[in-house]
Each structure stands twice: as C-alpha cells, then as structure tokens.
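Novice: So you can see what is in the structure, the chains are spelled out below.
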Amino acid sequence: MTPESGSSQREEVLRRLNELFAEETEAAVRYLYLAATVKGLDRATVRATLLEGIRETLEHAQTIAEKVIQLGGTPKLRIRVEVDDGLTTGRDAIRTALAFEQAALDGYKELLDLAGDDVVLEEFARAQIATESEHVSSLYLLLDE
Amino acid sequence: MDAWKEFEQNPISHSAAHHIVAIKELLDEYGYARVSDVARLLEITRGSASITLKGLKGRGLVTEDDRRFLGLSKTGEHVARSVIAKKTILKKFFIDALGVEEHQADIDTCKIEHLVSSETAERVAQFLRFLDSGDPSSEHFRKALAEFDEPCSGDTSSCPCCAEACLVKELGDDELGS
Numbered sequence: 001m002t003p004e005s006g007s008s009q010r011e012e013v014l015r016r017l018n019e020l021f022a023e024e025t026e027a028a029v030r031y032l033y034l035a036a037t038v039k040g041l042d043r044a045t046v047r048a049t050l051l052e053g054i055r056e057t058l059e060h061a062q063t064i065a066e067k068v069i070q071l072g073g074t075p076k077l078r079i080r081v082e083v084d085d086g087l088t089t090g091r092d093a094i095r096t097a098l099a100f101e102q103a104a105l106d107g108y109k110e111l112l113d114l115a116g117d118d119v120v121l122e123e124f125a126r127a128q129i130a131t132e133s134e135h136v137s138s139l140y141l142l143l144d145e
Numbered sequence: 146m147d148a149w150k151e152f153e154q155n156p157i158s159h160s161a162a163h164h165i166v167a168i169k170e171l172l173d174e175y176g177y178a179r180v181s182d183v184a185r186l187l188e189i190t191r192g193s194a195s196i197t198l199k200g201l202k203g204r205g206l207v208t209e210d211d212r213r214f215l216g217l218s219k220t221g222e223h224v225a226r227s228v229i230a231k232k233t234i235l236k237k238f239f240i241d242a243l244g245v246e247e248h249q250a251d252i253d254t255c256k257i258e259h260l261v262s263s264e265t266a267e268r269v270a271q272f273l274r275f276l277d278s279g280d281p282s283s284e285h286f287r288k289a290l291a292e293f294d295e296p297c298s299g300d301t302s303s304c305p306c307c308a309e310a311c312l313v314k315e316l317g318d319d320e321l322g323s
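Each protein sequence line maps, in turn, to chains A and B. Note that this note's numbering gives residue 106 to position 106 of the first sequence, counting from 1, and the numbers run on in steps of one. Note that this note's numbering gives residue 168 to position 23 of the second sequence, counting from 1, and the numbers run on in steps of one.
Covered by chain B, according to a simulated footprint, are these stretches of chain A (three or more residues, beta-carbon under 8 Å):
| id | segment |
| --- | --- |
| 1 | 15 to 24 |
| 2 | 71 to 82 |
| 3 | 95 to 101 |
| 4 | 106 to 113 |
Listed below are the simulated DSSO-like cross-link pairs for lysine-lysine, each with C-alpha atoms no more than 30 Å apart in a straight line:
| id | chain 1 | residue 1 | chain 2 | residue 2 |
| --- | --- | --- | --- | --- |
| 5 | B | K236 | B | K288 |
| 6 | A | K76 | B | K256 |
| 7 | B | K232 | B | K199 |
| 8 | B | K314 | B | K288 |
| 9 | A | K109 | B | K202 |
| 10 | B | K219 | B | K237 |
| 11 | B | K256 | B | K169 |
| 12 | A | K76 | B | K199 |
| 13 | B | K256 | B | K199 |
| 14 | B | K256 | B | K314 |
| 15 | B | K314 | B | K232 |
| 16 | B | K199 | A | K39 |
| 17 | B | K199 | A | K109 |
| 18 | B | K202 | B | K232 |
| 19 | A | K39 | B | K202 |
| 20 | B | K169 | A | K109 |
| 21 | B | K202 | B | K169 |
| 22 | B | K288 | B | K237 |
| 23 | B | K256 | B | K219 |
| 24 | A | K76 | A | K109 |
| 25 | B | K169 | B | K237 |
Calculated from the structure, these hints are not laboratory results. Ideal Cβ positions, reconstructed from N, Cα and C, are used throughout, including at glycine.
Just need the whole structure built from these sequences, with the hints factored in.
Specialist: Structure, rendered in structure tokens:
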C-alpha cells in the first residue's frame with residue numbers, strides 16, 4: 001500500500017493505524033501511572049517492568065506514526081485516560097497492563113486482517129503482533145496464574 | 146448539604162454507565178458485543194474500554210465468555226435498562242415539557258441519566274403522563290406554558306422563583322468564566 005493506493009482501503013488502514021497510535025500512547029501514560037502508584041514487596045520488580053513498558057509503547061507509537069506518514073496520512077491523537085485513584089498492588093498493576101496490552105494485540109490482529117495482498121503492511125502487522133504477543137506472554141508469566 | 150458527596154460515591158460512574166448501555170445496545174442490535182465494538186461505539190481506545198470492562202466484570206455487572214464475547218449479568222441488565230429508561234424519560238421531559246432543543250437535551254440527559262434517582266424519574270414520568278393525558282386541565286396547562294413568554298425582569302422582589310439574587314442571571318453561559 002502506498003499513498004496512491006485505492007482510497008477507501010487506504011483510509012480504513014489509516015483509521016486503524018491512528019486507533020493504534022492512540023492505543024499505544026494511552027498505554028505509555030497508563031504504564032507511567034502504574035509505575036508511580038505500585039506498592040508492595042514486589043514493587044521494585046514490577047516497577048521495572050512497567051517502566052520498560054513506557055519505553056516500548058512509546059517506541060510502538062512512534063513506529064505507527066511513521067507508518068501513517070509513509071501512507072500519506074496524518075497521525076491523529078485522540079486520547080482520554082481515566083485512572084482509578086490510589087495505590088495498586090504489583091499483581092493488580094500487571095493485570096491492568098495485561099488488559100490494555102491484550103487490547104493492542106487485538107488491534108494489530110485486525111490490522112493484519114485488513115492487509116489483504118499488501119505484503120509490506122502484512123509484514124508490519126505480523127511483526128507488531130509477534131512483539132505484542134511476547135509482551136503479553138511475559139506479563140502472564142509474571143502473574144503466574 | 147452532603148448531596149455532592151453522593152455524586153462521587155454513585156455506584157455507577159458516568160463511564161461505567163456508558164459501557165453497560167453500549168453492551169446492551171450492541172447485543173440488541175447485533176446479538177454480540179466485543180471489547181472492540183464497545184470501544185468503537187464509544188469512540189475510545191480498546192485499552193480504555195478493556196480496563197473499564199475489567200472493573201465491571203469484577204463487580205459482576207458484565208460477563209465474558211471463552212471466546213471473549215461480552216454480556217450483561219442480571220444486575221448489569223437491570224442497570225442498563227434503568228439508565229436507558231431514565232434517559233428516555235428525562236429527554237422527553239426536556240424536549241416536550243421544557244422545549245429544549247433535541248441536541249442539547251441529548252447532551253444534558255447524558256450527563257445525569259445515571260445519577261438521577263428512580264424516585265425522581267418516576268415523578269417526571271408521572272408529570273409527562275399528565276401532560277399527554279388529554280385531560281382538559283393538562284391541555285390548559287400546556288397551552289398556558291407555551292404562551293407564557295414573559296421575560297425575566299431580574300426583579301427578585303416580585304419573583305416567585307428567586308430570593309436574594311436573580312437565579313437566571315446567575316446561570317450565565319456554560320463556558321467557564323463567562
């Protein structure tokens with residue numbers, strides 16, 4: 001897919017990419033908040049994971065924004081982060097992170113479904129799915145449930 | 146005096162009410178609801194929807210099956226029906242009785258649909274039933290209300306509504322600081 005590709009499919013891909021741009025940016029803010037509010041004996045371990053999450057999700061957001069530009073679109077950011085006040089346990093922080101990481105993974109899977117015969121977009125979506133899947137798995141391992 | 150505290154302690158937050166009603170609408174229209182459908186309907190990210198729904202699942206209002214399709218528990222269904230009923234009653238009241246424009250009525254009911262008590266909503270419904278009853282007194286009331294176009298003079302001494310200050314003047318515009 002290029003900036004000259006058929007307009008309706010291109011618009012749909014751009015719409016999905018901008019959704020993912022918001023998804024990843026929101027995730028970075030959520031990681032930041034969770035890292036700031038996590039408490040308990042496992043605080044150090046969980047906080048390190050959460051801080052790593054900020055870095056990774058921001059990287060993903062930048063990659064997606066770049067992809068939007070490559071397709072001739074404009075990155076659009078509509079985010080709204082609502083968080084529960086108060087401190088959180090390490091386990092609850094990881095559970096929350098799993099909820100939004102799984103949501104992002106589902107978003108990339110939908111993007112893959114849209115790729116059609118666009119090999120470049122397909123590869124991009126597959127790479128993101130692989131990364132997100134690993135991330136989700138590592139969070140599940142931390143929970144050990 | 147402590148009523149404002151009840152606002153914050155309301156068991157169903159504004160966001161929660163929207164998520165529950167969204168699931169109900171999706172189930173009624175398509176027969177299924179997923180996190181992505183709720184997110185798209187509410188124009189929020191999946192992450193946001195997912196986190197709110199996680200809390201609602203924990204409170205036993207929302208269910209999720211093995212294939213991650215969402216549903217409403219009996220209590221969740223009750224909440225959805227109650228919020229929708231209150232919205233419908235209040236919107237009708239704003240439009241039919243007060244003559245508020247539909248778009249504004251939509252916005253205002255959205256803000257209070259999950260906060261107003263069932264008791265008050267029932268009284269509003271009763272009032273609307275009276276208005277639509279066809280009874281000569283209701284017809285007379287309607288006509289008189291529609292014809293009452295006396296502008297607010299700002300004179301509090303003769304106003305049955307205001308006491309020390311003109312309440313209408315106090316309203317101002319909805320923009321902050323105006």
